[in-house]
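Whole structure, please, built from the sequences with the hints as guidance.
Protein chains in written order, with this note's numbering: chain A, 4 to 397; chain B, 1324 to 1685; chain C, 10 to 120.
No lab work stands behind these hints, which were simulated from the structure alone.
Because the structure is a prediction, the values reported are computed rather than measured.
Every residue gets a Cβ at the ideal spot worked out from N, C-alpha and C, and that includes glycine.
Don't take each hint at face value.
To be verified - Pair ranges (Cβ atoms, derived): (1) Leu253(A) <-> Asn1436(B): 43 to 49 Å; (2) Pro382(A) <-> Gly1552(B): 31 to 37 Å; (3) Gln243(A) <-> Asn1484(B): 23 to 29 Å; (4) Glu88(C) <-> Pro272(A): 54 to 60 Å; (5) Gly148(A) <-> Asn1484(B): 36 to 42 Å; (6) Gly26(C) <-> Arg1679(B): 53 to 59 Å; (7) Lys1331(B) <-> Glu101(A): 25 to 31 Å; (8) Glu101(A) <-> Lys1626(B): 37 to 43 Å.
Stated by the list, open to error - 30 Å max Cα-Cα, derived DSBU-like pairs, lysine-lysine: (9) Lys26(A) <-> Lys50(A); (10) Lys83(C) <-> Lys334(A); (11) Lys1334(B) <-> Lys1344(B); (12) Lys1356(B) <-> Lys31(A); (13) Lys62(C) <-> Lys1521(B); (14) Lys54(A) <-> Lys66(C); (15) Lys1653(B) <-> Lys1626(B); (16) Lys66(C) <-> Lys1554(B); (17) Lys1557(B) <-> Lys54(A); (18) Lys50(A) <-> Lys15(A); (19) Lys62(C) <-> Lys79(C); (20) Lys286(A) <-> Lys330(A); (21) Lys75(C) <-> Lys62(C); (22) Lys1626(B) <-> Lys1637(B); (23) Lys1637(B) <-> Lys286(A); (24) Lys1331(B) <-> Lys18(C); (25) Lys44(C) <-> Lys1664(B); (26) Lys44(C) <-> Lys335(A); (27) Lys286(A) <-> Lys1653(B); (28) Lys47(A) <-> Lys31(A); (29) Lys1653(B) <-> Lys1557(B); (30) Lys75(C) <-> Lys1554(B); (31) Lys330(A) <-> Lys1344(B); (32) Lys93(C) <-> Lys62(C); (33) Lys62(C) <-> Lys18(C); (34) Lys1638(B) <-> Lys1653(B); (35) Lys1653(B) <-> Lys1671(B); (36) Lys75(C) <-> Lys330(A); (37) Lys44(C) <-> Lys83(C); (38) Lys89(C) <-> Lys54(A); (39) Lys330(A) <-> Lys1351(B); (40) Lys93(C) <-> Lys1334(B).
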Amino acid sequence: MSETPLLDELEKGQWPSFVSEIKKSAKKNKKAEGLLGQLELSYKEKKTHWKHGGIVGVRGYGGGVIGRFSDVGEEFPGAAHFHTIRVNQTAGFFYTAEALRKICDIWDRHGSGLTNLHGSTGDLVLLGADTDSLEDIFCELSKEGWDLGGSGGGVRTPSCCVGPARCEFSCYDTLALNQDITMTYQDELHRPSFAYKWKFKFSGCPNDCVAAIARSDFAVIGTWRDDIQIDQDAAAEYVQNGLDIQTDLLAKCPTRCIEWDGSLRINNPDCTKCMHCINVMPKALRPGKDKGACILMGAKAPIVQGALLASVIVPFIRLQPPYDEIKGIIKKIWEFWDENGVARERIGECIQRVGLGNFLEAIGVEISPQVVTQPRDNPYIFYEEYYEEEGGEG
Amino acid sequence: MATLEELKARKTDIGPPPVEKFLHSIIKENYGKWRYHEILKSGVLAHTAESGAVIYTVRAASPRLISTDFIRYICDLAEKYCDGYLRFTSRNNVEFLLANKDNIEPLIGELENNGIPVGGTGRSISNIVHTQGWVHCHSAATDASGLVKVVMDELIDHFKNEDLPAKLRIAVACCLNMCGAVHCSDIAILGLHRTVPKIDNERLPKICEIPSTVASCPNAAIRPTFIDGKKSVKIDEDRCMYCGNCYTVCPAMPIADPLNDGVSIWVGGKVANTRQGPSFTKLAIPFLPNNPPRWPEVTSAIKNIVEVYARNGKKYERMAEWIDRIGWTKFFSLTGIQFTKYHIDDFKHAGLSYRRTTQMRS
Amino acid sequence: MPNFEFGGKSYDVDEEGYLQNPEDWNKEMAEEIAKTEGVEMTEKHWEVVNFLKDYYKEYQIAPMIKILIKEMAKMFGPEKGNNKYLYELYPSGPAKQACKIAGLPKPTGCV
Ligand code: SF4
Ligand code: SF4
Ligand code: SF4
Ligand code: SF4
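The following block contains the structure:
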């Protein structure tokens, strides 16, 4: 095995070491050994030794595998081909030991033994396969009931928060909607044909544990419309147990709509459903009963025209199977994008280019003041209607 | 190797397996009927259902880049203590789901004896969300796993203990593509390039689409040109802000430069809609050198920011809210970070961040 | 650099078999490249490859898949202008396989 003095420094300290992980695999696996050597070289030279992304794949799919080739493959043969296989994770990242071990068995037989649990988008990532073993890996994974995730200009693997499976705040069934959407759009996921990538993320409440508002083209974030449910006894208990209700709760409400005089009073029409008070006293407060979600669109990282947070498209929608309403909206949006999208432009940039108002009109969604924080303050308005002089040519 | 017949017989588009079979019976029975949760201690959650049933969660660290040995090990623990059920969080923590409260301490004991810390709940630093870096990406200006390791080594006490004003979310991305949500984290560590891509005029016309390459530049710095009678492109160096976008579409324009690539630090972003809502991170430190294997300049800068925040932030104040309260001038003076011309935006919406009032703290 | 042997000559390709010198391309060679992909070129396959080559000649870029689909529909009818049809011809995806056979640069962009 190669000497790795620099990487060895990263086995020191209390946080679990990825270098130790690579070494564990490298003891029994040539590919992992190659990676270890190449990475040491990167640490020495302060530069990457991966070539520009490749385009390998499996039969029937246009995505799910990312080609990775080393530029020092002769020196480190194990790293020469080191492709990524994205396996579509379970909704909410739930597993059994048995299921994970089967994936490990397949991966130990055919790949480097190294993984990411999970990748940034959510996939269970197998890191380091040869081109020749891709089909075998996919065959065996699919026999065990697993499928590949997305890559390229198509639907990327959707992901969701733990939701109703283990969270009292969830305002809709994030796992069920995530699964339904993933299954409905299998073709768009496996055979990319969009102008650019498209990410779905589902969070059960405004705490947004999957960062949908920052990271997805189409974010569904649970919320409610009626009154916060209060258990006054439990609230009193928090105060008795030392909660500084004035500072930690009342003063932190963004609209100052809660009061306390021995019992809690919320002026619900002013509540923006920010979750703060509920997070502070989960035993005493819960979202209302009229639950659903807010749809926001267009979040992205800086490339190309600058980073964006998602913005509100549909302020409130109820979400029940078979989810026809939301799928109808998605269909309209994709039709619009197909007409108007240009290469390497995320939908968020596309919406800014054509204007949110025009976009909403095109997809047939109601235009309400809730989609902006304020009306425009610039008078350069593209009027589309005006009077004609009577008797003119018309 | 799989034969063509096997390939044709293989089912496609089956999607991920339905989650039901991966859910503990307590979770299945109380699905959607959770009443409240408590943090029993750092890293340990108890969720109580309407029915009175309780599921316990032990949250443990993971380096994300893990071997099958690691996975098999956590599977063994899950079988020993959790009836075989476990999950992961969106920040790469492992969560063990326990029906039996008595199993919590033995599980934690085993994890810690094996070098896997428990924590990351409530007002602590959770695991760092990060990208591939030198381990697996062609675009990387720095390594991601290495940075995460050295930063978490430094901050591990804040992972194990809930001793901060509010939760603190850190993310690392190794180039401006930002494959993680670094633009909305309390602290973001971002690798960046600082020099103009080098054009390989020999290969460029053969392997790159010139119109796509020209169009890729957000700043219109790239023009088509002829070099020795062959088509290529040239870069207006004054307009280039080293984003690397052209390299993404054209492999003949590599931008990596070991001498100049490095790391920047950003603060005050947030995803949750709580209180003042989500926000982007803002620049704190424009450049720190790539100094592997342990990036001492980066770890001490992060440590400093975290400790200043820990001392000065009020309870429930995220980094962004704390800075909002005290103002950026105070942030720079408290942290001792130098404010420079680079801190002032000069891209598209630059004007939005200029101060347009006489109101300011002294 | 890896090579592609054809007609007694050797041509530069990258590790995924994409031609490094577009001027090397010819029809017979395309049929050989197709074989390495497990694709037997028929009239239908040539419709796609020829479209890609024409488009590339006109715009110096490969079309986005959605444009390929739309143009195929316009030229040859809706039964040929859809993803399913393209994957029947090119099972590992038109972007990967048809571009390679057409001798176009390897598609890039965000993975
Ligand atoms: S987003 Fe809300 S519902 Fe989902 S896990 Fe987080 S707190 Fe719970
Ligand atoms: S949810 Fe937020 S806005 Fe509504 S009452 Fe609670 S703290 Fe105030
Ligand atoms: S952030 Fe950049 S360098 Fe890092 S993995 Fe993503 S594309 Fe690669
Ligand atoms: S690095 Fe960015 S700014 Fe510079 S030429 Fe390339 S695309 Fe343009």
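- Task: Tell me, in ascending order, the numbers of any earlier hints that this structure violates.
- Result: Structure breaks hints 2, 12, 20, 24, 25, 26, 27, 29, 38.
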